[in-house]
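Novice: Construct the entire structure; sequences and hints are all you get.
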Amino acid sequence: MKSKWYSLLSVILLFSLLAACSGGGSGETGEAPGGGGTEAPSGDKGKTTVQFWHSLGGKNGEYMDALIQRFNASHEDIEVVGTFQGSYDETVTKLQQAIASGTGPDVSMLERAYVQMFADSEVLEDLTPYLEGSGISVDDFTPGLMGHSTFNDQLVSLPLNRSTPILHVNKTLLDELGLQIPTTWEEMKEVANALVVKEGSEYKRYGVTMPYDTWYPIAMISQAGGTFFNDDHSSIGFGDNGAGTKMFAYLKDLQSTGALYYPPAQDSGNIVNSMFVEGKVGMMYQSTGSIGGLSSTVDFDYVTAFLPKDEVYANPTGGANVTMLSSSKNKEAAWEFIRWMEMEEEGGLEFILQSGYLPFTKKMVESEKMQALWAKEPNRKVAYDQLEFAVDTNKDVAWPEIMHEFFSAIEAIMYDSKDIPATLDTFKKETERILAQ
Amino acid sequence: MKTFELKTVWILLGYVLKAAVLMIFIFPFLWMISTSLQTFRETMTFPPTWIPASPQWGNFMEAMNAGPFLTYFKNSVVVTGSIIVLQFLIMIPAAYAFAKYKFPGKTLLFGMILLAFMIPGQVTFIPVYLMMADWGLVKTLLPQIIPFISNAFGIFLLRQYFMQIPEEIIEAARLDNANEFKIMRKIMIPMSKPALATIALFSFVSHWNDYFWPLVMTDSAAVRPLTLGIAMLRETEGISNWHIIMAGNVILVVPILLVYLFCSKHIVKAFVYSGIK
Amino acid sequence: MDKKRIWEGLRPYVLIAPAMAGIMLFVMYPVGYLIYLSLFKYNLMNKDKSKFVGWDNFTQILGRGDFYRALWNTTIYTAGVVVLTMLLSLLIAVWLNKKSRFNSVVQAGIFTPHVVSIVSISLVWLWLMEPNQGLLNYVFKLVGLPSSAWLQSSKTALISIIIVSVWQAIGYYTLIIVAALQSISPSIYEAAALDNASKFKVFYKITLPMISPQLFFILIIMTIGSFKVFDTVQVMTGGGPNNATTTLVYYIYGFRTTNIGYSAATGVVLMAIIGLLTFIYFRLLSKKVHYQ
Chain V
90 MKSKWYSLLS VILLFSLLAA CSGGGSGETG EAPGGGGTEA PSGDKGKTTV
140 QFWHSLGGKN GEYMDALIQR FNASHEDIEV VGTFQGSYDE TVTKLQQAIA
190 SGTGPDVSML ERAYVQMFAD SEVLEDLTPY LEGSGISVDD FTPGLMGHST
240 FNDQLVSLPL NRSTPILHVN KTLLDELGLQ IPTTWEEMKE VANALVVKEG
290 SEYKRYGVTM PYDTWYPIAM ISQAGGTFFN DDHSSIGFGD NGAGTKMFAY
340 LKDLQSTGAL YYPPAQDSGN IVNSMFVEGK VGMMYQSTGS IGGLSSTVDF
390 DYVTAFLPKD EVYANPTGGA NVTMLSSSKN KEAAWEFIRW MEMEEEGGLE
440 FILQSGYLPF TKKMVESEKM QALWAKEPNR KVAYDQLEFA VDTNKDVAWP
490 EIMHEFFSAI EAIMYDSKDI PATLDTFKKE TERILAQ
Chain Z
5 MKTFELKTVW ILLGYVLKAA VLMIFIFPFL WMISTSLQTF RETMTFPPTW
55 IPASPQWGNF MEAMNAGPFL TYFKNSVVVT GSIIVLQFLI MIPAAYAFAK
105 YKFPGKTLLF GMILLAFMIP GQVTFIPVYL MMADWGLVKT LLPQIIPFIS
155 NAFGIFLLRQ YFMQIPEEII EAARLDNANE FKIMRKIMIP MSKPALATIA
205 LFSFVSHWND YFWPLVMTDS AAVRPLTLGI AMLRETEGIS NWHIIMAGNV
255 ILVVPILLVY LFCSKHIVKA FVYSGIK
Chain D
4 MDKKRIWEGL RPYVLIAPAM AGIMLFVMYP VGYLIYLSLF KYNLMNKDKS
54 KFVGWDNFTQ ILGRGDFYRA LWNTTIYTAG VVVLTMLLSL LIAVWLNKKS
104 RFNSVVQAGI FTPHVVSIVS ISLVWLWLME PNQGLLNYVF KLVGLPSSAW
154 LQSSKTALIS IIIVSVWQAI GYYTLIIVAA LQSISPSIYE AAALDNASKF
204 KVFYKITLPM ISPQLFFILI IMTIGSFKVF DTVQVMTGGG PNNATTTLVY
254 YIYGFRTTNI GYSAATGVVL MAIIGLLTFI YFRLLSKKVH YQ
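Protein chains in written order, with our numbering: chain V, 90 to 526; chain Z, 5 to 281; chain D, 4 to 295.
Hints were generated in silico from the structure; no laboratory data involved. Watch out, some of these pointers could steer you wrong.
In silico lysine-lysine, DSS-like type, Cα no more than 30 Å apart, as pairs [stated by the list, open to error]: (1) 202/D to 11/Z; (2) 517/V to 202/D; (3) 470/V to 369/V; (4) 269/Z to 144/D; (5) 202/D to 293/V; (6) 369/V to 144/D.
Specialist: Given below as structure tokens:
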């Protein structure tokens, strides 16, 4: 009895010794292979260290690490240290506190919807002079992806890992039933309903599904001719013109017949993906980021298509941009990293080819490798072609705060079947209150 | 004869019921192990697969190769170990004083301990991070350790136990010229083993599994614990490899099970042998 | 002689000094900072853009429906979790009290939800509670019960979260209660047996009072622990649907990026509430607890 107790104590004491030795030690040496660099700009052999924070985990994180290694291998005087900082939201929280305490990185990935908020606090570097210095024009980038890049005439971010919602279709299933891929809301309603299989009170198969996100309702608001904010950003742009009511009424109508499966909020992306792979749903609104994973998993004829139109074709964009922080002490080196990543073939292009995110420069689009990939995987080209209709109308400093309220409205309608006009009216008032601040 | 049969039926029924309860509780645990041995395709089925067609042991290697796994592991061990040791060193004298002394301001000071126990990290993390950055500690393991050295929960629990130790034993020791540290070491600690084991277990589990605090306190891979390494396996967009993530989680849980096996025995047994009667 | 008396007077302070230092630095100072922030429309990244607003954040809190919603949710959650966990762990502890190999296996099994990471747990429960294909509704249908929308309806989401939390907490508290039960001297029970007291009476008159310090302790820590619930909400529902499961800490955390002054003010209100609650507990209950 007793001896065991003491052995536990001694093990714990051993821990503490270890802690005492390495607690401070790991800070000084930082030899971890994943990239524990020191912040001192004058590292070994006069190398400049550039800290880069990103939010890419899993496979995409590996592709990003590979990109950083390629950069470091080709630059003798600069060393980029990339660090994963959690999800997009977590990265934002960490950036805020790090900027406040002066421990921020030089370059950071930033989810596009937060760019305005950071720019408003004047912590992002205006990239215009750097672009001019390197002889790059804003027109070199894919226009549909530049929606969140400028703030008050400053160029504060450039596109990096960008995606867009797209329609994923189980073509085998549609062919069996002699159905065509829908291109309008009306056709979508017919096709989705035709796909439904109901046994008793239980749905064995649904028509279409989408993850729980603001993305898809926003896409559909634009398709119905509305905008998220009105022109002078004092209120919403889908209330009085009826676009919001129309969109939600349409979704509720589909949901009532099993034509639409609306998943639980948490982990919804995985749930809809699984259902699509299993053939439990015939079509799915989902990010382009899923194309790679889906094509390697499904055992049916899988194609992608434009999101169906109502009045017009329209789709928002998503993913993250890259920004340089004003507090950086190594701006030249930081810019070299951004420039290389954006423009060089072995930089961003390679990453885009591997990950399946959208090509963000015209040069990338025209490159042989990209064209070859598209010839092989037309599903990916559809995503790019759809950018012609990309429109982001939810751009505002206060968007992150308003997003919370919009989620509440979506939940009230989609889960609790609350009255649509009343819910949207409440949402409109909240939005106006926040925008007025 | 009849009563005997009835008794057997009751006993059997008890076993069945206990087994059922057991299943309800270890369900996710089994599922986690099962997923960690599945192929990607199997994890995609809905409803989930229960028994993998052929166990994929390679998933564990893949999880471990995804990052500087050894560094993560070492950090987890050092952080959790140091927290527990420091907590004990600080907690025992404090709990002793709060349990056995009367002194001006005691109620107020103990009230502060309780307040500390009530305030969650999600509310205080920003000021604490700013302070750590000010002190230049962000690149070390200390921001994950020192905020927890005063374990308010532990002081509270231990004080409850110390209060139950009869005054006479302490007085007798004092008459024998024992000083305060000797009293703590020879009387208070041995008599409150179950409480200490409970605290150690609770502390270990919560800090070993902690995701939030290390995430907001660390900026580089060199000082990160295992939980963050596993979170990194998740896909930001697209389809996550749940079989790999769960393999990581299984590795994460093994040390806790070992500590549990050790502590639970003490928590239960120590009572029976200890002086509290 | 005098020196000795001074030392004796100082001794308790010296003993608690390290603990108090830690609490001052990592709790009291941040709390002070929060109170300061709560008076501003604060911009963390660029202090020059901060605006002193006085009590505005507090008036805003008191005027907002979603704050009361969060407060109400937290209250219901806390009451539900505390009552259910106490009853069930007491029940299971009494049931598993007898020493046997199988009982300790079951005890260990009940404890596992406590050690498995919350992410794995939430994934399993999300699947179990999926309204159309989940196992729970399947079982409900088999035994003829009406199926539930679980996490997907604001009517049932909070109770679903309570179920998961109780399920997760039981093992730990069962362990504490079993330990307490086994510390009761058998001689007390023998005396009761001689008096021919009924089982229920023995439990009520002897067992409960004997373990009341542990029960009181569990009550306090569970109340506080439930009041600051965060993880479970974050991974199971993200506060939804329609704020049905937004608890106070989640509410506070939700404003951290967009409005830190408001977030800090809500934090101050939370502290006031918990402080009051604990004070009441101690006043009401501490006298009823039986110490040996």
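Novice: Hints numbered earlier in the text: which of these fail when held up against the supplied structure?
Specialist: Violated: hints 2, 4, 5.
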